[in-house]
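First to last, the sequence lines map onto chains C and D.
By the working numbering, the letter at position 67 of the first sequence is numbered 68, and the numbering carries on one by one without gaps.
By the working numbering, the letter at position 70 of the second sequence is numbered 460, and the numbering carries on one by one without gaps.
Quick caveat, the hints were computed from the structure, so don't treat them as lab data.
Computed from a predicted structure; not experimentally measured.
The hints are all genuine.
Derived lysine-lysine pairs resembling DSS-like cross-links, with alpha carbons at most 27 Å apart:
| id | chain 1 | residue 1 | chain 2 | residue 2 |
| --- | --- | --- | --- | --- |
| 1 | C | Lys79 | C | Lys16 |
| 2 | D | Lys448 | D | Lys412 |
| 3 | D | Lys467 | D | Lys439 |
| 4 | D | Lys503 | C | Lys42 |
| 5 | C | Lys79 | C | Lys45 |
| 6 | D | Lys467 | D | Lys412 |
| 7 | D | Lys412 | C | Lys45 |
| 8 | C | Lys42 | D | Lys439 |
| 9 | D | Lys448 | D | Lys503 |
| 10 | C | Lys79 | C | Lys42 |
| 11 | D | Lys439 | D | Lys459 |
| 12 | D | Lys459 | D | Lys412 |
| 13 | C | Lys45 | D | Lys467 |
| 14 | C | Lys55 | C | Lys79 |
| 15 | D | Lys439 | C | Lys52 |
| 16 | D | Lys459 | C | Lys45 |
| 17 | D | Lys467 | C | Lys42 |
| 18 | D | Lys467 | D | Lys503 |
| 19 | D | Lys412 | C | Lys42 |
| 20 | C | Lys42 | C | Lys16 |
| 21 | D | Lys439 | C | Lys45 |
| 22 | D | Lys448 | D | Lys467 |
| 23 | D | Lys503 | D | Lys412 |
| 24 | C | Lys45 | C | Lys55 |
| 25 | C | Lys16 | C | Lys45 |
| 26 | C | Lys55 | C | Lys42 |
| 27 | D | Lys412 | D | Lys439 |
Read off the chains here:
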Amino acid sequence: EAGVTQFPSHSVIEKGQTVTLRCDPISGHDNLYWYRRVMGKEIKFLLHFVKESKQDESGMPNNRFLAERTGGTYSTLKVQPAELEDSGVYFCASSGLGELFFGEGSRLTVL
Amino acid sequence: AQSVAQPEDQVNVAEGNPLTVKCTYSVSGNPYLLWYVQYPNRGLQFLLKYITGDNLVKGSYGFEAEFNKSQTSFHLKKPSALVSDSALYFCAVRDLAAGNKLTFGGGTRVLVKP
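Could you put together the complete structure from these sequences and hints?
What follows is the structure, encoded as structure tokens:
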């Protein structure tokens, strides 16, 4: 069974540009979460989808971040325009009724 | 609000010695506590969890954790560390009332020296 996959694994962009991160959850998992770890700090919750609906987006830092999950399958997280402080590792996780399974993360570097 | 704290940014230990990574928690109600590990260039991997029952929880790769309600702690332990245990360890608490959202500690880097 394939795990949670994320891409790109690493993205380097300049301030002001746009980046879109993608997450493919484990097949059949209705719950999809985005987290990020910035500047070596703690991993922080961004948002939670149940199927295609946003269940909780309380962790989204500002309106430069847009997450979608059309059709309730894969999800994208767009940062537009990117700022220096957005640099970090963005993790996606999915779950059914049990534990969360994490992807390997997408490292974003904003120069 | 639920929270966990990992007081040590880094733990150094010699191979073969016991390893302890500390975690304290603050929750309302019964805690649902977890440990994850991140090896270099890899994602977060689940190690173990405590929901209820025996205070000593056994997990993957020979790790275990001890739940202590009076000290609000959930320290991760391994009796004999391996060089391959060098990684980043995260303690987390799961909020069942909030979509199973996880709140993580700041992480502790473990360095096991041969």
